[in-house]
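Asks: Sequence:
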Amino acid sequence: MIDLETLKNELNPEQYRAVTTTDGAILIIAGAGSGKTRVITYRIAHMLDKGIPQSQILALTFTNKAAKEMSQRIKELTQRKLQSLTVSTFHAFGVRILRQEIEKLGYRENFSIYDETDRVALIKECGRELKFSPEAMDIYTIGNLISNIKTGRKNWDTANDMYRPLYESYQEGLKLYNAVDFDDLIILPIKLFKERPDVLATYREHFKYIMVDEFQDTSHQQYELMHLLADKNVAVVGDDDQSIYSWRGADYQNIVNFEHDFDVTEIRLEQNYRSTETILEAANGVISHNTNRKDKKLWSGNGNGKPIEIFMPENETDEADFIAEGILGISAEEHRKFDEFGVLMRANTQARFIEEAFLENNIPYTMSGGTSFFERKEIKDIISYLRVIANHDDDINLLRIINTPRRGIGRAALQLLNDEAEMQGCTMWYAMVSLVQRQDSPASDTLKEDLQDFMDLIESHRSKLLSGRGLPNKVRQLVEDINYRDYLLTEFSKSEKAVRFKLLNIESLINSIEIWENDPENTNPSLFNYLNRITIMSRDNGDDENDKGKVNLMTIHASKGLEFPVVFIAGAEEGLLPHARSVEENDGNVEEERRLFYVAITRARDKLLISACRKRRHMQMVRECEPSRFLDEIPENLVEYHQEKILTEEETGQMFSDFLSELKAKG
Numbered sequence: 001m002i003d004l005e006t007l008k009n010e011l012n013p014e015q016y017r018a019v020t021t022t023d024g025a026i027l028i029i030a031g032a033g034s035g036k037t038r039v040i041t042y043r044i045a046h047m048l049d050k051g052i053p054q055s056q057i058l059a060l061t062f063t064n065k066a067a068k069e070m071s072q073r074i075k076e077l078t079q080r081k082l083q084s085l086t087v088s089t090f091h092a093f094g095v096r097i098l099r100q101e102i103e104k105l106g107y108r109e110n111f112s113i114y115d116e117t118d119r120v121a122l123i124k125e126c127g128r129e130l131k132f133s134p135e136a137m138d139i140y141t142i143g144n145l146i147s148n149i150k151t152g153r154k155n156w157d158t159a160n161d162m163y164r165p166l167y168e169s170y171q172e173g174l175k176l177y178n179a180v181d182f183d184d185l186i187i188l189p190i191k192l193f194k195e196r197p198d199v200l201a202t203y204r205e206h207f208k209y210i211m212v213d214e215f216q217d218t219s220h221q222q223y224e225l226m227h228l229l230a231d232k233n234v235a236v237v238g239d240d241d242q243s244i245y246s247w248r249g250a251d252y253q254n255i256v257n258f259e260h261d262f263d264v265t266e267i268r269l270e271q272n273y274r275s276t277e278t279i280l281e282a283a284n285g286v287i288s289h290n291t292n293r294k295d296k297k298l299w300s301g302n303g304n305g306k307p308i309e310i311f312m313p314e315n316e317t318d319e320a321d322f323i324a325e326g327i328l329g330i331s332a333e334e335h336r337k338f339d340e341f342g343v344l345m346r347a348n349t350q351a352r353f354i355e356e357a358f359l360e361n362n363i364p365y366t367m368s369g370g371t372s373f374f375e376r377k378e379i380k381d382i383i384s385y386l387r388v389i390a391n392h393d394d395d396i397n398l399l400r401i402i403n404t405p406r407r408g409i410g411r412a413a414l415q416l417l418n419d420e421a422e423m424q425g426c427t428m429w430y431a432m433v434s435l436v437q438r439q440d441s442p443a444s445d446t447l448k449e450d451l452q453d454f455m456d457l458i459e460s461h462r463s464k465l466l467s468g469r470g471l472p473n474k475v476r477q478l479v480e481d482i483n484y485r486d487y488l489l490t491e492f493s494k495s496e497k498a499v500r501f502k503l504l505n506i507e508s509l510i511n512s513i514e515i516w517e518n519d520p521e522n523t524n525p526s527l528f529n530y531l532n533r534i535t536i537m538s539r540d541n542g543d544d545e546n547d548k549g550k551v552n553l554m555t556i557h558a559s560k561g562l563e564f565p566v567v568f569i570a571g572a573e574e575g576l577l578p579h580a581r582s583v584e585e586n587d588g589n590v591e592e593e594r595r596l597f598y599v600a601i602t603r604a605r606d607k608l609l610i611s612a613c614r615k616r617r618h619m620q621m622v623r624e625c626e627p628s629r630f631l632d633e634i635p636e637n638l639v640e641y642h643q644e645k646i647l648t649e650e651e652t653g654q655m656f657s658d659f660l661s662e663l664k665a666k667g
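Take the sequence shown: its position 551, counted from the start at 1, is 551 in my numbering, and no numbers get skipped.
Straight-line distance between alpha carbons at most 25 Å, and here's what the computed SDA-like set of lysine to any residue pairs gives:
1) Lys150 - Leu228
2) Lys494 - Ser508
3) Lys380 - Leu531
Quick list of the computed label-pair ranges, beta carbon to beta carbon:
4) Thr202 - Arg533: 22 to 30 Å
5) Gln83 - Ala347: 39 to 47 Å
6) Gln452 - Asp261: 56 to 64 Å
7) His618 - Thr202: 52 to 60 Å
For the record, the hints were derived by calculation from the structure and aren't laboratory data. All C-beta atoms in this analysis are idealised placements derived from N, C-alpha and C, irrespective of residue type, glycine included.
Generate the whole structure from the sequences, applying the supplied hints.
Replies: See below:
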């Protein structure tokens, strides 16, 4: 039980107000390091103590990690299991709605969720069917266009109309394969609520209290979903100064929209519990140059701290050496562990030199990004089998596994299947059934036998995997039955190490299924739920690996929400931070890039070091660099510049003379 006196002792006055104001529309402007997560968790705990049923509370955030942490903290505060409390990412909540209601939109219940790989494969398939030339098939551009059209960020009046048939074919393909993509996880619930007011009314009655974390990162669609659901008791928490995701649809103007659409009470959290006064004054000095923002000023009770140090290395190699040597020096001098250091970059391309310097100096590090565990080929193969077992109509995953491992179903056979699917207007699975069964089938007896063997394999494992518990052992049996180990031995005949590594990855996958299945809070450990979970998990950011004891190397975007005692910001140069492409795309406006620099500064707790190279290699050329304009926006009294001293001829001569004198003295 958390009584009001306890809350007053635990929270500052503005935090207390945010926690105890539970009715109405609340806008909580939470500056960096101001105890935002603490406020959200205490607020939910207080609502539960007031007697609000946990089933009526919905808390939405952006990453699985944040949702898990929030959930855990609330349980610790309340000492309750809270099985009916919904703390979820937007996309996972969308899945929850569609699992219950998707049949009302004309889909079958057991739909598949296409990840980026599946989506790309479907776009390519549609392009081939429509006879698009290879030059016209820029998958990245087409993928962005499809997403922009679906989410309403663009329409066909402003977009390239030549791709309209491809867009329509892509949408038809999703429906045919009983699949949805990530945009659909938000768009389809909105469509459902608009078309079926009765369904919306049920959800509004169910979730009477809504909270949204990181509100400045919501897209138009996420805002619309929240707006449809919210009756009157809705609290949003965000900071317009940390809005750095416009490139993926986020719009901090949703704060303005919220104030327009609701009768809002605004509460500002400006006391920072993370950083020194010096770091906060630097952050305030920089962000004050943005004009389109809510006026706020972070302050700290942590003392002034050390000045911000700015270094001007000659090039990226020297910069990397400076960072590596700086980490080793500070670690030894201040007895800091490696995981107390964060090294932040504007672009992934900066990483190579820093990684090499870390390797040379035996500095353990972890880098955000790279190939996700669930994107590794051997894992994708096994997951694809599971997806086809769960949903026969999932053509993308069926095509991935139909000849993996090889079973005699080559290109000619696939062409026959494609032709049959087109002629019958059906999925590849039913095209197989047709080729095997119909009298005038063009398939040879051998191909019919191979197709039948494949279908028998899928069906036999379907009956096992969709019934009862013991999912891990059933998956292990599947791996054995498809002879995947022999396939790897053939594929990597010259590398026993590669085979062993890939088999260990598959075993890790099976172990993770076992842990998930045996989780006491997992009330429905079905194959469908597992597949949806990993799809959402890989999207909503999450390799949850244990990286303790390692330096954290990451982009500034990836650092949001994190903090480190010591932070290095690499590459504070014009063209890199602010990034030239971003400046160009925004017609010279650098406000989002400035917010990015602000986020980088406010990751630091005790010590901040910034480097800006004099020269940097770009496209095989070495260019002169100019320090970022943002460095000049940090108040001078907070900064200590470390310039490389250029010695005069006289000083060089004196140093040589001193060196000779030392040698003679030793002799």
